[in-house]
Amino acid sequence: MQATTTTAGNAIREVAGGWKREDVERDTSWIHVLSPGEIDALEQALRHTLGTGRDLLDMSIEDFPLDARVRRRLVALIDETQGGFGLKLLRGFPVERWDTDALRKLFWGIGLVLGVARPQGKMSQFVSDVRDAGGTYRSSTGRGYNTRSGLDFHADGSDMVGLFCVRTARSGGSSLVSSSITAHNEMLRLRPDLVAELYAPLVFSRQGEQAPEEAPWYLAPVFGVRDGHFACRHIRNHIKGAQQTFPDVPRLTPQQTEALDLFDELLAREDLCYHMDLQPGDIQLLNNHIVLHSRTEYEDYPEPERKRHLFRLWLSLPQAQPLPEAWRDAYKDVDAACVRGGFRGIHITPEIRAFEARLANAHGMKLRIYPVKEAA
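Anchor point for the sequence shown: position 44 equals 44 in UniProt numbering, and the numbering is continuous, going up by one each time.
No lab work stands behind these hints: they were computed from the structure. Quick reminder that beta carbons are idealized off the backbone N, C-alpha and C, glycines included. Misleading hints may appear alongside valid ones.
[Claimed, not checked] Simulated crosslink set (BS3-like; lysine-lysine; CA at most 25 Å straight-line):
no., residue 1, residue 2
1, Lys240, Lys332
2, Lys20, Lys366
3, Lys332, Lys366
[Claimed, not checked] For each label pair, taking beta carbons as the anchor points, the in silico distance ranges come out as:
no., residue 1, residue 2, range
4, Arg328, Gln255, 21 to 27 Å
5, Pro36, Glu265, 41 to 47 Å
6, Glu303, Pro247, 28 to 34 Å
Using the sequences and the hints given, assemble the complete structure.
Given below as structure tokens:
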């Protein structure tokens, strides 16, 4: 293997771990089928939650009183995502027994048990409805979750992304996952010169969803290593958005474009990429730092009550790895056991601040106090 270095002069080495498609097909330990007892415990906690009448941001872990054994099991499953395949699928919750509002609270309650939820957009929303709302993915403000488009491989802006499938599309909409570690190592084998390009900062757009105190774009490398932990933050659509929207930011060089193209090609390569068809009742949990995800285009049902619908949570986790220092502008904090990530947006209220402080304290995590500036 040809040696190469980053722009900082550090040697780039193969990263331990990673997986290929055949690995997750052969070893299905990443799939956890919920037992009748676990389902009963989740439903009991949900009934209690519904009985309190509390809004999502008013809730504490105690408002979703999950059986201690089931709670420990869920936390152990998340522990496993910090290495290995970096993904888990909880399968079999009976979504047909509950209405949409109750399922949203169930997913929120599970998130309370696992970590601190992060805001996901300009309106500072904490649970996103993943469904076709007529959005345009390939645009300067495009976000994939509100379209039916096929998506690029990307990482969401949090330690973990969770998707809870309520209804599937008439056709398409497959979830695609790929190990960023494996794609990195394959790229290092094929074109070490191009790997070095992705350890250098690139310009990412915030897609118009920045907080009032934030610039509309930020600098971050795709690859980074801190304290021996490799991490990948790849959002090609946001890199393209910065090039299209901001004429004053540095233009991508031919080498940078070639590097991004090769990385995208490797992530989608058939022997590396795993295709997953989520079923109603599935909860997919992905470690954003070592797994990238995508989705195929889908065709929906014409009836509103049958249309594809998933809930999405972004979580900051108490057991997550430290992140590269160069990601600080994107995540606001990069140390382990800290609340970080998300899009702050323009509606951070005292209620949100109290929620973050309450959950950070419950999980023993450090919380940075963000400055507040009113939206213009």
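Next on the checklist: Between the beta carbons of Pro36 and Glu265, is the distance compatible with 41 to 47 Å?
Outcome noted: The hinted range 41 to 47 Å holds for Pro36 and Glu265, with Cβ atoms some 44 Å apart.
*Starting from Lys332, check that the Cα of Lys366 is at most 25 Å away, please.*
Given pair Lys332, Lys366 holds - Cα atoms ~12 Å apart, limit 25 Å.
So does Arg328 sit 21 to 27 Å from Gln255, Cβ to Cβ?
holds (25 Å)
_Just to be careful, I want the Cα atoms of Lys20 and Lys366 compared with a cutoff of 25 Å; is the pair within it?_
violated (35 Å)
Pair hint outcome, Lys240 versus Lys332 [Cα-Cα no greater than 25 Å]: The given pair, whose Cα atoms are some 22 Å apart, holds under the 25 Å limit.
Practice problem: For the range 28 to 34 Å, tell me whether the beta carbons of Glu303 and Pro247 fit it or not. | Solution: Violated, since Glu303 and Pro247 (Cβ atoms, about 45 Å apart) do not stay within the stated range.
When each numbered hint is compared with the structure, violations occur for hints 2, 6.
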